[in-house]
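Asks: Taken in sequence, the protein lines are chains P and G. If you read the first sequence in this note's numbering, its first letter stands for residue 4, the second for the next number, and so on. If you read the second sequence in this note's numbering, its first letter stands for residue 331, the second for the next number, and so on.
No wet-lab data here; the hints were simulated from the structure. Computed from a prediction, not measured in an experiment: that's the story for all the values here. Built from N, CA and C at the ideal position, the CB exists for glycine as well. A hint or two may mislead.
[Stated by the list, open to error] Computed beta-carbon distance windows for the label pairs: (1) G:527 to P:32: 17 to 25 Å; (2) P:114 to G:634: 49 to 57 Å; (3) G:370 to P:34: 23 to 31 Å; (4) P:32 to G:556: 36 to 44 Å; (5) G:708 to P:10: 40 to 48 Å; (6) P:34 to G:473: 23 to 31 Å.
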Amino acid sequence: MLSVKHNESVTFTEDMLGKFAEIVRRYPEGRQKSALLPLLHEVQAEFGWLSVSAMDKVAEYLHLDPIEVYEVATFYTMFFLQPKGRFNLEVCRTGPCCLVGAERIMTHLEEKLGVKEGEVTADGLFSWRGVECLAACGYGPVLQIGPEYTFYENLTAEGVDELINELRKKAEGAKLDADS
Amino acid sequence: MARKLLLTHIDIPGINTFEVYRQKGGYRAVEKALKTLTPDDVLEEVKKSGLRGRGGAGFPTGMKWSFLAKPEGIPRYLVCNGDESEPGTFKDRYLMTHIPHALIEGMIVSSYALGANTSYIYVRGEMMPQIRILEKAIAEAKHAGFLGKNILGSGFDLELFVQPGGGAYICGEETALLESLEGKRGNPRIKPPFPAVSGLYNCPTVVNNVESIAAVVPIINDGGEEYAKIGVERSTGTKLISAGGNVKNPGVYEIELGLSVEEFLYSDEYCGGIANGKRLKAVVAGGSSVPILPANLILKTLKGESRLMTYESLADGGFQSGTMLGSGGFIAFDEDQCIVRNTWNFTRFYHHESCGQCSPCREGTGWMEKVLHKIEHGHGSFSDIDLLVNVAKNIEGNTICPLGDAAAWPVASAIRHFRDEFEWHVTNGAEARQRNYGLANYADPLEPVV
Ligand SMILES: Cc1cc2nc3c(=O)[nH]c(=O)nc-3n(C[C@H](O)[C@H](O)[C@H](O)COP(=O)(O)O)c2cc1C
Ligand code: SF4
């Protein structure tokens, strides 16, 4: 669902605009709407989620009505219409992964992070959710983290703990860099 | 050793780069096709090979190509389907990750055959790393003169682009994929018109699976007849099988079609049997959409013949006692797995992924999910089981795209073959709430390994 509760005005950098132009060139004249999904991925990678004003700007850039962007953004599961944790852990919850313990991994994540599916931890660092089959059934349980969609395979509870610690350290390191 | 055509060089370090791929004979098919064959010659080889679509439906690729309309002055498109989201299937990810140039090479040869000058590879958005890999491979191929204008001086031009999806199983359905590529919601189109006449941007379009396109490379290198020598009946060539679930050695295997299911499942060259010394209970042989079969029926047909990994043998017995090769997503269930729980899980998947255009699919999948949840959690009744059969029957065949059927078959087949497990959940509600598994009396006749 579209949320206007949270909104965030955004500016597209020169870099982004350069990338956008390159993407639009992939399609025939007048078919620039085809660039919509790739552009939304670019915008989300930059800002973490898709605010209404970000979508409106994409609409303007591609000469579309805003509704054309909203209807696409609400259809696809990868687009976030609300802010999420800085690290959003997405665990495959579909049959084959469940045969090898995905449900236990989700329970463990919920306990470890202390938040329910879809919620964000108080420090803003983490959120998690179950997603449908990630086409990695032979390496289950698996989880992915956007925007690069890094993949973690053959998960165990201990492995998940390590991963969370690593991500925490990474965030702290980044914070120190920013402060100094 | 079984012959390999797609994964021949998989273990060679650096095979994901243009340089090593080329050293190993890569892009020979492009040279051969563009320099010595006409587009129709290429089509002829593909027809002779007997190659059938590896995306799930198994439609003969050569025949599909020959249906492509060729009106003057209108561009034609080749779109590769790399949406790979069918539960149990992970072969295209494997191919794109490790041998991206096999797909690029196949795209060039296939585009040449079809007369397409702009082609797209649509990859599910979650495979961002694979998208980057393909983009790099395309840049390398272009740098080496295998893409762009006047390739190898043949006069043939081709630009190739990768398009990310947005996270939606339905975009694997070819017309939903085209909608998505046009920047819209992934709602399947009503057919006809078929994409061969009116596809991407209303132009004639061929949509093929990643593996189908990659298979064109060995077909052109060795000739269609050579390819057709592998396999049995109308199942020719090799096929990538994704083995998952409770097998000992999960992974992607290239098999010669015609291998017996028993050998695939138990030999060390492939799955190596069931993990943790457990016994086999059931198999979903071709991705979540195909009927589930109990151990005895997957190993042997009702007539007692050994079942083979072919389109025909897996389908032997129809829906009563057979299944389908589908996309080659082979999921094994050990004796401790609960069929009711898995059926509920799969149905939740289809409900979640229904695009919502057709009432039978949109409402029916949600209804089945609720009823299955109730049964799995020990609150069901006997009439619920019949209700499920009824709802499944009413979805089947009454929808715009095959997702409706794909949602109905797993439910219908699970009840057909494991009815007492559903009934056990009804009569033993309290126990069903406490433990996660069902009855184990479907396990194969082999002695458990201790
Ligand atoms: C719900 C649904 C999902 C599908 N998902 C895929 C997919 O992920 N990849 C694929 O190649 N084909 C998929 N298909 C089949 C395609 O519609 C189409 O038949 C196929 O891409 C054609 O390529 P092929 O002839 O090379 O198999 C799906 C079909 C349906 C109905
Ligand atoms: S069958 Fe389901 S997924 Fe397919 S078009 Fe109808 S509602 Fe959409």
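Asks: It remains to establish, for every hint, whether it holds in the given structure.
Replies: Structure-based check of each hint:
no. : hint                       : result
1   : G:527 to P:32: 17 to 25 Å  : holds, 22 Å
2   : P:114 to G:634: 49 to 57 Å : holds, 50 Å
3   : G:370 to P:34: 23 to 31 Å  : holds, 29 Å
4   : P:32 to G:556: 36 to 44 Å  : holds, 43 Å
5   : G:708 to P:10: 40 to 48 Å  : holds, 45 Å
6   : P:34 to G:473: 23 to 31 Å  : holds, 27 Å
Checked against the numbered hints listed earlier, the structure breaks none of them; every hint is satisfied.
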